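Peer 1: The listed protein sequences derive, respectively, from chains D and G.
Counting from 1, one number per residue, gives the positions in the first sequence under the numbering used here.
Counting from 1, one number per residue, gives the positions in the second sequence under the numbering used here.
Rather than coming from a laboratory, the hints here were simulated on the basis of the structure.
Keep in mind that this is a model prediction, so the values were computed, not measured.
There may be inaccurate statements among the hints.
To be verified - Derived SDA-like pairs (lysine to any residue); straight-line CA-CA distance at most 20 Å:
{"no.": "1", "chain 1": "D", "residue 1": "Lys19", "chain 2": "G", "residue 2": "Ala450"}
{"no.": "2", "chain 1": "D", "residue 1": "Lys19", "chain 2": "G", "residue 2": "Gln463"}
{"no.": "3", "chain 1": "D", "residue 1": "Lys19", "chain 2": "G", "residue 2": "Leu471"}
{"no.": "4", "chain 1": "D", "residue 1": "Lys19", "chain 2": "G", "residue 2": "Leu456"}
{"no.": "5", "chain 1": "D", "residue 1": "Lys19", "chain 2": "G", "residue 2": "Ala481"}
{"no.": "6", "chain 1": "D", "residue 1": "Lys19", "chain 2": "G", "residue 2": "Phe167"}
{"no.": "7", "chain 1": "D", "residue 1": "Lys19", "chain 2": "G", "residue 2": "Thr466"}
To be verified - Counterexamples of contact, computed for chain D against chain G with all Cβ distances above 10 Å:
{"no.": "8", "residue": "Asp16"}
{"no.": "9", "residue": "Pro36"}
{"no.": "10", "residue": "Asn63"}
{"no.": "11", "residue": "Gln72"}
{"no.": "12", "residue": "Ser76"}
{"no.": "13", "residue": "Gly99"}
{"no.": "14", "residue": "Ser139"}
{"no.": "15", "residue": "Ala142"}
{"no.": "16", "residue": "Lys162"}
{"no.": "17", "residue": "Thr174"}
{"no.": "18", "residue": "Val191"}
{"no.": "19", "residue": "Glu199"}
{"no.": "20", "residue": "Arg200"}
Using N, Cα and C, we set each Cβ at its ideal position, and we do this for glycine too.
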Amino acid sequence: MTEPSATVYVVDDEPDMRKALERLLGAAGFSVQSFPSPEQFLALHDDTLPGCIVLDLALPGLNGLELQQALQAQGSALPIVFLTGRGDIAASVRAMKLGAADFLTKPVDAETLIAAVDAALERNREKRADRSETLLVASRLASLTARERDVFDLIAQGRLNKQIAAEFGTVEQTIKFHRANLMRKLGVRTVADLVRLAERAGTGKPQSD
Amino acid sequence: MAEGRHRLGAAARSGRTDDKPVAAAAAYVIILGVHTNWIHLVWAMMAAASLTLGVVHLVVWFKQRSQHANLIFFALASSVAVFSGFELAIVGAQTPAEHALWLRWAHVPIAAIVVLIVVFIRLYFGVGRLWLAWAAVGFRLLTVLLNFSTGVNINFQEVTTLQHSRFLGEVVSSPIGTLNAWQVVAQVANLLLVAFVVDASVALWRLGDPVSRRRAVVVGGGIVACVVLVVGFALLILSGAVRAPTIMTPGFFVVVAAVGYELSWDLFVAQRTATQLRQSQAELQSSGERFRAVVEAAPNAMLLVDAQGQISLANAQAESLFGLSRDVLVASTVDRLVPKSVRLSHEAYRRGFTAEWRPRAMGLGCDTHALRSDGSQVPVEVFLTPMSGAVPSMILVSIIDISARRLNERRAATQRDEIAHLSRVAMLGELSGSLAHELNQPLAAILSNAEAAQRLLARDPPQIQTVTEILADIVASDRRAGAVIERLRSMLRKEDVKHALLDLNHVAEESLRLMHSDLLDRRVSVDTSFAQNLPPVSGDRVQLQQVMLNLLINGCDAVAGRGREARLHVSSRVTERGGVAIAVSDNGDGIAPQDIERIFEAFVTSKPHGIGLGLSICRSIIEAHGGRLWASNNASRGAALEFELPAEPTEKRA
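Work the whole structure out from these sequences, hints included.
Peer 2: Below, the structure is given as structure tokens:
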């Protein structure tokens, strides 16, 4: 899968710091785009491109944690590397719980920052890949007929053909037919593959009884 | 009575044997002293009384030679005494020739009496027409001349016979004969005398004061009445209309008594005046002593000084204050007691004081010092009170040694500064996170910049251009970090208060910079509106920044519950009084009206962990700067804390 090159977004209200980070990350070979405030970042960044955010925690107006929440609400895939002037444990715990990629304390040395950014970009890549697979699965699931989808759900729950046929009030042979069809449509060969796909699609509901 | 008459006659006879009539008359008087008949007794008493009075006033004159009236009175009284002797001889005369002779010589004391009356009136009354006086004297002397040159005397051309009659139980002689035509001159002389005395008395009466009026009545009236009576009676006898001896001595004695009374009255008055003078002198002295006692008992050093600055009185407190003994103080001028540096201006000041004569404090608005004998200076407060009515003009100088007060003031100021420092350190503790961040920020930028530079230099080719920019930024960031450290250090340092000219906008901006991270952390947004071209104020930068930080922290606490709405407004303005004011306004819940002053009290706090010193320290700092700090609730929402400092006068800024 060929990806467009990743961008590191730097969001810091301190111009000196912003410029310094821009230079350092730029020198480390990243493509960098910087914003003085979260509001400008939200308005101007392109969500579809790969990348990560290096975000100052203490910002006027919308602060770092609030930007994180806003991005999460948008379903953004951009991982966040937080930078903070002080080791604020409560804030770092909250940030990590919300899925922050890393939480670094200023002054940060280049190795640590670059490593954190690399990791964040890797995570973004995975996330993006993951997301595209999920999209593929969803589109394949969408191609099933309603009966095939019902059969898929019950197979994913671990029912046998005979049990499914009894539930639908039909013969086992009909179920076998649907099963062959849907497995072909979904591109899976074994039941184990089918269950994994169901899990990714989030449809695999555990049996309550 | 028969023996009396016989003896009188014998005496008269023996007197006649003497060639010198005046001496004979004197002898007669002495001989008369032993007789007991009435005329002799009364006349002798009158003569003796006159002489006694005369001698008394002679003594007075000896004591006070300027009192010519007393000397004249002595002469007058003596003349009357002498005349009384002649008169006794006249009334006791046995032959017409004897009578005529005694009468002729009697005119000498009469003339003396008249002249002395005129001189006395002139001297004693100080009024009277001079020409009348000269005329009366002139005619009287002419009378004496005619008395010895015409007839047997001025009264008679010749005395033919003597008629004897009884008077006061005694046989007396009355002359019968032809009158001297020149007698009219004597009458003119008498008239002129009366005219002069009346005129002088009227003039004296008109002066109007009670003493002059009394003199005019007693002396003038007495003389006129007696002269009129005596002359009238004499004329009646001489003209033969009345058969009686001429009796003039009682009249003259009345004159002597009247004048003597008046002079004695003067003596009495003089005595009374002397007593009063002594009394008032004693009072003056005792009031002077009282004044000295009051000055001595005063708790302050006191000096009595004249317009030239010469000290005339000093108390014990002044001795100990200046370290100089009373004798030395009284021998000096006040200029010696002021420090040399202000001596010249002090002289000018002293002249200014004597020009405008009213009580006032000295050296208002600046420190006044007293110079001690050991050369040290003592801070003093001086109050000057002119002594009203004192001649020459005196100033009572009260000097209070205020070194103890100054020391207390200094201690209080030191204590205030120490508490201010402690509360500043505590406040910086509160802000430490924020301050660390302020310091961290440039350090972080420096590290990142430096590491970026390392990478850029490692490239092939090295990106020198960017590295140059980076180095410039590193220098700027380092300076910024240094400035933060310097601000922190000056806030933490316990230094003496240093007053400098400050722009309060700058102080406020600096404080906001120090608070930057804290404000971000607390999610408090701050907007500012600073008046441009504020006049500078004189103050201690660190202390004023402390006040500013306190107000900002206070505002942050006030809006703590407002979430995203929390907002502070910092503004500066020039006040109506020309001072500079800075206000920190919040949009919190405001201050309860009963607390609007209480918040400035020490140990009053609304914060669970505060010690409640912040605002009370702020107020004492601002007041020590000559300004004021107050709180008020905003019309819309929240409260404002504002302080005002006096602007530095333009001329001092140069």
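Peer 1: Give a verdict on every hint.
Peer 2: Each hint, compared with the structure:
Using a Cα cut-off of 20 Å, the hinted pair Lys19/D and Ala450/G holds, with the two alpha carbons roughly 12 Å apart. As the CA atoms of Lys19/D and Gln463/G are separated by approximately 16 Å, the hinted pair is consistent with the 20 Å bound. Note on Lys19/D and Leu471/G: the hinted pairing holds, with a Cα-Cα distance of about 13 Å set against a maximum of 20 Å. About 15 Å separates the Cα atoms of Lys19/D and Leu456/G, which keeps this hinted pair within 20 Å; it holds.
The suggested pairing of Lys19/D with Ala481/G holds, with an alpha-carbon distance near 17 Å, which does not exceed 20 Å. With a CA separation close to 156 Å, the supplied pair Lys19/D and Phe167/G exceeds the 20 Å bound. For the given pair, Lys19/D sits about 11 Å from Thr466/G by alpha-carbon distance, which is consistent with the 20 Å threshold. Non-interface status of Asp16/D relative to chain G is broken: a Cβ of that chain comes within 10 Å, the nearest being about 4 Å off.
Chain G leaves Pro36/D outside its interface by the beta-carbon criterion, the shortest separation being 14 Å against a cut-off of 10 Å. Taking the minimum C-beta to C-beta distance to chain G, about 7 Å, the non-interface status of Asn63/D is violated against the 10 Å cut. With a least CB separation of 19 Å from chain G, Gln72/D remains clear of the 10 Å interface cut-off, as annotated. At roughly 22 Å from the closest C-beta of chain G, the C-beta of Ser76/D stays outside 10 Å, upholding its exclusion from the interface.
For Gly99/D, the requirement that its beta carbon stay farther than 10 Å from each beta carbon of chain G is met, with the minimum near 23 Å. Its beta-carbon lying about 42 Å from the closest one in chain G, Ser139/D satisfies the requirement of being farther than 10 Å from that chain. Consistency note on Ala142/D: stated as away from chain G, and its beta-carbon is indeed over 10 Å from all of that chain's, at 42 Å minimum. At roughly 61 Å from the closest C-beta of chain G, the C-beta of Lys162/D stays outside 10 Å, upholding its exclusion from the interface.
Remark: the non-interface label on Thr174/D is consistent with the geometry, its nearest Cβ contact in chain G lying 61 Å away (cut-off 10 Å). At roughly 53 Å from the closest C-beta of chain G, the C-beta of Val191/D stays outside 10 Å, upholding its exclusion from the interface. Every CB of chain G lies more than 10 Å from the CB of Glu199/D, the least distance being 41 Å, so the non-interface label holds. Every Cβ of chain G is farther than 10 Å from the Cβ of Arg200/D; the closest lies at roughly 39 Å, confirming the non-interface assignment.
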